[in-house]
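K.L.:
The lines below spell out each chain.
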Amino acid sequence: MAPLLRTALAAALLCAGCATPPSAPPTPMAARLADANVRAAAAVRAGDHAGAARRYEEALALARSVEDADAIAAGAINLSVVYQWLGRDSEARDALKIVLDDPRRAFPERRRLQAELRRAILELAAGNPAAAGEWAARAERRCERLACELAPVLLNIKSQIALEGGSPGSAALLAQQAADAARSRGDRAEQANALRNLGRARLAGGEHAAAIAALEQALAIDHSLADPRKIHADLVDLARAALAGGDRDAARGYLERAQAVSHAARDPRGADEMEVQLRPK
Amino acid sequence: MSEEFRPPTRFPRLALKVNAFLLIAVLLVAGFGWIVAHKQGWFVPQTMIRVITPDALGISSGMPVKLFGFTVGSVREMHLVPGGVDVQLAIMSAHMPRIPKGSRARFARESGVIGASVIEIIPGKPINGELYEGEQIEFERSRGISEIVEEFRRQAAPAFAELKNALSQVSRSGEDLGIILGALRVETEQLPATHKALRQFIRNADRATADISRQAGAALESAQRASESIERATPMLAGKLATTLDSVDVAVGQLRQTAAEAQETLRAARPMIDRSESTMRDASEVFSAAKRVWPLSDAFKETPDAMLPIDSFEARKAPAR
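Protein chains in written order, with our numbering: chain A, 1 to 281; chain B, 1 to 321.
Possibly wrong hints are sitting among the right ones.
Unchecked claim - Derived DMTMM-like pairs: lysine to aspartate or glutamate, alpha-carbon spacing no greater than 25 Å straight-line:
1) K317/B / E109/A
2) K101/B / E140/A
3) K101/B / D68/A
4) K66/B / E120/B
5) K97/A / D68/A
6) K39/B / E207/A
7) K317/B / D48/A
8) K101/B / D89/A
9) K317/B / E207/A
10) K317/B / E256/A
11) K125/B / D187/A
12) K125/B / D247/A
13) K125/B / E140/A
14) K97/A / D311/B
15) K317/B / E216/A
16) K317/B / D68/A
17) K101/B / E149/A
18) K164/B / E150/B
19) K317/B / D187/A
20) K317/B / E58/A
21) K101/B / D86/B
22) K97/A / E109/A
23) K317/B / D227/A
24) K125/B / E207/A
25) K125/B / D68/A
26) K125/B / D180/A
27) K317/B / E134/A
28) K101/B / E109/A
29) K240/B / E221/B
30) K101/B / D48/A
As the list claims (entries may be wrong) - Which bits of chain A does chain B cover? Going by a derived footprint, with three or more residues having C-beta under 8 Å, they are:
31) 80-94
32) 154-164
By construction, these hints were calculated from the structure, which means they are not laboratory data. Backbone N, C-alpha and C define an ideal beta-carbon position, used for all residues, glycine too.
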């Protein structure tokens with residue numbers, strides 16, 4: 001046998017030795033479910049939230065047809081997110097009820113925790129900090145049992161609840177804890193959220209310079225994440241902090257930047273908010 | 001005569017010297033003992049933690065316990081308990097904060113399969129809290145040579161089966177290719193005849209068109225010459241018309257033949273299309289199987305959790321709409 005052929009055979013044997021047995025192919029229903037989720041994610045990336053909602057509804061129906069508890073919960077949570085983006089808050093709550101109001105079905109604890117946090121977020125966004133606090137407390141109890149990967153989210157929500165409740169000191173403490181937890185987990189989005197909350201809490205506490213420092217850090221992270229909504233929020237909060245510190249020029253500069261971001265992202269609501277900010281009080 | 005007895009003065013102050021010698025010896029022994037105890041870590045505060053292993057093969061008292069390759073303790077003692085062996089690990093208390101709850105221990109060798117045996121600690125997440133004296137952590141055994149060889153054999157078998165299938169597919173495809181080429185050759189041989197028939201058809205059509213033009217010219221001239229020449233011209237026109245009709249008839253025949261040949265060609269090509277479809281399907285299955293085999297499986301891994309992120313930013317109050 002030629003040496004080249006022997007070498008090739010030996011290499012083939014070595015490669016075959018490294019191979020793992022092929023995993024079981026997905027069932028047709030699982031493939032359809034995965035396909036629906038992939039299409040929904042693509043629609044989200046393309047900014048087609050209505051299309052994403054349709055795809056997630058399809059995924060949820062498929063998951064229900066095979067009684068896949070994990071996929072049902074994932075679909076319901078995804079739907080709640082997209083419905084909130086579409087401004088359909090009551091439907092977002094209804095979607096979460098699938099997970100939260102059915103104690104008999106064996107949803108994974110991780111999904112229940114995600115659903116509770118989503119409910120707290122919805123309540124806080126709707127201006128119900130008391131209800132948000134109840135859901136956050138439920139999530140916190142569950143979070144203690146798990147090695148809580150969503151601790152930064154929970155702490156950020158609690159920080160916002162504290163700020164809404166007029167406790168900037170507690171809010172700043174919670175936001176700092178959230179920033180530390182997010183940093184240790186490498187969760188840059190939540191780290192930026194925590195720094196933004198910290199800046200807002202410092203601003204509410206009258207510490208303008210500290211607020212600007214935290215908000216600038218949040219802005220730097222949000223620039224790297226390239227999320228226009230968050231960049232806009234950072235710039236508006238920076239303008240408030242600069243204005244509160246008496247630096248009207250800096251405040252105007254931040255607001256003009258925020259306006260440019262808002263126009264470029266085609267978000268008229270952001271622009272309207274801006275006009276209100278620019279009006280002299 | 002009486003002389004007073006005097007003790008010999010050969011070893012003056014002997015007792016003192018003996019005592020000094022004994023004292024030094026005792027001090028040396030104590031110093032040696034202290035050094036040994038220090039080396040053994042008797043003066044280092046230690047925290048005992050436990051692991052339960054199904055068997056203690058390869059584990060012995062005094063075996064080092066390592067964290068990130070650094071010795072942080074040793075195996076203190078082992079005793080049988082229901083369900084396995086309770087192994088007590090003495091960990092230097094200074095290193096305990098680095099071993100939170102949820103940490104795991106495993107039996108390992110320093111250089112992979114060979115090398116000195118150690119107990120390796122794999123630390124858990126710090127958020128779980130500190131581990132306390134007497135608490136138990138999970139233990140996982142590393143694989144032995146026989147298990148590695150067995151897994152190698154188990155993993156290689158399906159790969160060889162896939163390889164065999166792929167080779168047989170290639171072989172079958174080779175046979176199919178021969179048939180396809182044969183059919184193609186037959187069709188190619190018939191192409192000149194088809195081409196010739198088409199050329200004939202076009203020639204006839206040209207001729208018919210020229211005849212019609214000529215007849216039209218003659219008809220115009222005849223019209224100008226008035227009705228007396230109609231009777232003379234009519235038989236000639238009828239003859240030409242008959243020729244034209246014959247030509248058209250021939251052309252239609254040729255067309256029919258060409259259509260039949262085309263149909264035949266399609267019929268002959270049908271198995272080829274079917275086979276290519278089947279080959280494509282087989283190739284797709286082979287490719288799918290290959291995608292699920294390491295090392296390709298890592299490259300084609302599907303996203304396990306298709307979740308949108310839970311983002312606390314969404315909790316901000318939406319601006320008035």
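K.L.:
Out of the numbered hints, which ones does the structure contradict?
P.N.:
1, 3, 6, 8, 12, 16, 20, 24, 25, 30
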